[in-house]
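Engineer: These protein sequences, in sequence, are chains A and B.
Quick note on our numbering: the first sequence kicks off at 1 and runs consecutively.
Quick note on our numbering: the second sequence kicks off at 292 and runs consecutively.
Hint data in this document are derived by calculation from the structure and do not stem from the laboratory.
Since this is a predicted model, take the numbers as computed values, not measurements.
No residue lacks a Cβ here, since even glycine has one placed at the ideal position from N, Cα and C.
Please note that a few of the clues may not be correct.
[Claimed, not checked] Using C-beta positions, here's what the derived DEER-type ranges look like: (1) A/Leu27 with B/Asn320: 53 to 59 Å; (2) A/Pro94 with B/Glu500: 45 to 51 Å; (3) B/Ala302 with A/Trp24: 24 to 30 Å; (4) B/Ala445 with A/Leu183: 26 to 32 Å; (5) A/Leu183 with B/Ala341: 54 to 60 Å; (6) B/Asn320 with A/Trp279: 32 to 38 Å; (7) A/Arg284 with B/Leu453: 51 to 57 Å; (8) A/Leu183 with B/Gln337: 53 to 59 Å.
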Amino acid sequence: MSPSLLNSLLMLPALVLLAIVFAWPLLDSAWLSSQASSVLTGLSPIANDGANWQRLLGDARFWQDAAVTLRFAAVSVGLELLLGLAMALVLHRPGRGRGWLRALALLPWALPTTVLALGWRWIYNDPYGPLNAILRAFGAPPYGFLTTPATTWLFTVLADVWKTTPFVALLLLAGLQSIPAELEENLVLEGARPGQILRRLTLPLLKPWISLAVLFRLAQALGVFDLVQVLTRGGPAGSTESLALYAYLNAMRFLDFGYSATVVIATFLLLVLLTAIGWLLLVRRPLEASR
Amino acid sequence: MRSLLLLWSLAPLAWQLYTSLVTPEALVNGSGVAAGSFWTLENYRQVWLADPPIWRYLLNSAVVGGATTALTLTLAVPCAYGLQRQGGRLRWAVTLALLATAIFPTVLLFLALLQLARALGLANNLLALSLPYAALCLPLAVLLLRAAFAELPAELEDAARLEGLNLPRRLRHVLLPLLAPSLASTAILVFLFSWNEYPIALTWISRPELLTLPPAIARIAGSSLFTVPYGAFAAATVLGSLPLLLIVLIFQRSIVSGLTQGAIKG
Numbered sequence: 001m002s003p004s005l006l007n008s009l010l011m012l013p014a015l016v017l018l019a020i021v022f023a024w025p026l027l028d029s030a031w032l033s034s035q036a037s038s039v040l041t042g043l044s045p046i047a048n049d050g051a052n053w054q055r056l057l058g059d060a061r062f063w064q065d066a067a068v069t070l071r072f073a074a075v076s077v078g079l080e081l082l083l084g085l086a087m088a089l090v091l092h093r094p095g096r097g098r099g100w101l102r103a104l105a106l107l108p109w110a111l112p113t114t115v116l117a118l119g120w121r122w123i124y125n126d127p128y129g130p131l132n133a134i135l136r137a138f139g140a141p142p143y144g145f146l147t148t149p150a151t152t153w154l155f156t157v158l159a160d161v162w163k164t165t166p167f168v169a170l171l172l173l174a175g176l177q178s179i180p181a182e183l184e185e186n187l188v189l190e191g192a193r194p195g196q197i198l199r200r201l202t203l204p205l206l207k208p209w210i211s212l213a214v215l216f217r218l219a220q221a222l223g224v225f226d227l228v229q230v231l232t233r234g235g236p237a238g239s240t241e242s243l244a245l246y247a248y249l250n251a252m253r254f255l256d257f258g259y260s261a262t263v264v265i266a267t268f269l270l271l272v273l274l275t276a277i278g279w280l281l282l283v284r285r286p287l288e289a290s291r
Numbered sequence: 292m293r294s295l296l297l298l299w300s301l302a303p304l305a306w307q308l309y310t311s312l313v314t315p316e317a318l319v320n321g322s323g324v325a326a327g328s329f330w331t332l333e334n335y336r337q338v339w340l341a342d343p344p345i346w347r348y349l350l351n352s353a354v355v356g357g358a359t360t361a362l363t364l365t366l367a368v369p370c371a372y373g374l375q376r377q378g379g380r381l382r383w384a385v386t387l388a389l390l391a392t393a394i395f396p397t398v399l400l401f402l403a404l405l406q407l408a409r410a411l412g413l414a415n416n417l418l419a420l421s422l423p424y425a426a427l428c429l430p431l432a433v434l435l436l437r438a439a440f441a442e443l444p445a446e447l448e449d450a451a452r453l454e455g456l457n458l459p460r461r462l463r464h465v466l467l468p469l470l471a472p473s474l475a476s477t478a479i480l481v482f483l484f485s486w487n488e489y490p491i492a493l494t495w496i497s498r499p500e501l502l503t504l505p506p507a508i509a510r511i512a513g514s515s516l517f518t519v520p521y522g523a524f525a526a527a528t529v530l531g532s533l534p535l536l537l538i539v540l541i542f543q544r545s546i547v548s549g550l551t552q553g554a555i556k557g
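Isolated chain A, as found in the complex (with noise of 0.2 Å):
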């Protein structure tokens, strides 16, 4: 057997679990996108003629869902870069019990989103959660954290900072452990300050880390799904509704299977998009430049 062939039987099995699990609910979902699907008629699909992609276009609640979703996406990527990178710095300096401290900054990303999604409805309780507790300290009256629709998306986002910032950290860290310490040696030893290192070496290294992060970061908060279902249910008024939640309540509350696989196939086309856009401005166009 030659050893390209033997190489190929290997991966096989896995490359057949991926496909079934990856690509077949793509092509499906694509599938029954085209087709109506639902109680009216007994859960069986019938063509409609691109009926739930006209109903898509004019569906006020789909795109109201996108713009909170890019929203949410958008700043709680940027906030988890900014907050992970502080992170990754302290966490890479050398010092005692720092395996203890990184285990203890890994946690919250550890635990289920769900199991946290819960304990933050507890703490934004109004009236008895501890934020309001601090406000009433305060002298404030107590602040509707998950009830307010202008505000409550602000919270969903800063529970999801707190849960994802160490993974982003821990990604960053990878990339601070690959920079030779001699190169910041070196830069001491000419007088720079840690400002200056950390804008002229640490962060044109940590590039590609970066760039890592912000994809696969992106690409989740796109699909952000198990907090905002247990945080706030989509609610107050639908102000926090994310796409991937629209998608599930056609399918498991309003039992119309084609459109939530037009919802759904709509998602994907979007993070492809952005994630598309995000490769070309992040990975490729520093390789041309260095070249």
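Once you have looked at the hints, place chain B on chain A.
Structural biologist: Chain B alone, transformed into the frame defined by chain A:
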């Protein structure tokens, strides 16, 4: 800086621990409650004796996590080995596919996977749940293990081949023992993923006694938005987090090095 970081990471968790250990009156009135009726284990008793009890969910999550980890490693090791030995276009294409699937938000797969589960009769089956879970973990597992295989000197395997060892024996007796740290950190990451996965468990499992921890917690949370027994919740949160807390604290070195090494060499 370090204490600020610890405060940020741990304060919300500490609040849960506190909530789980005090009476409802203490939560509402703070220190104005008589000393004797402040601390309590009642919340823990409540979730431990609930129907189904919390340990049932923990057990379900552990079963799915174990099966997923075993299945993922069984598929990922040969795939990573083949990918590392393979050159040219195929290697490039497979690596690209693995990267794309690794960042993919898995919630977008729930609808089609649900239909698949119904068609094949896989719903309400904990072991069947490990099939999609293994697939969702495979991209990361293969990428991490391929990086680990790349670290091993090629002469090592050549020597074993000259000794007349066939591939399964070379893997079992020569290569995998050397990869033990990478296998361990990959296994931990897979287990963490499986323990935390929500949308697929939510749609595949409907029988209460088969729920894994995340949908079980969300289901209690969904029972009412306003009159929520936060003490009992916090107790469930603490018990559900405890196994992971232990894993992270015991294996922190392999988790951190596993992810960072994988990212550096990948």
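Engineer: Take the hints in turn and mark each one as holding or not.
Structural biologist: Status of the hints after comparison with the structure:
no. : hint                               : verdict
1   : A/Leu27 with B/Asn320: 53 to 59 Å  : holds, 58 Å
2   : A/Pro94 with B/Glu500: 45 to 51 Å  : holds, 49 Å
3   : B/Ala302 with A/Trp24: 24 to 30 Å  : violated, 44 Å
4   : B/Ala445 with A/Leu183: 26 to 32 Å : holds, 30 Å
5   : A/Leu183 with B/Ala341: 54 to 60 Å : holds, 57 Å
6   : B/Asn320 with A/Trp279: 32 to 38 Å : violated, 55 Å
7   : A/Arg284 with B/Leu453: 51 to 57 Å : violated, 44 Å
8   : A/Leu183 with B/Gln337: 53 to 59 Å : holds, 57 Å
Consistency note: the structure conflicts with the earlier hints numbered 3, 6, 7.
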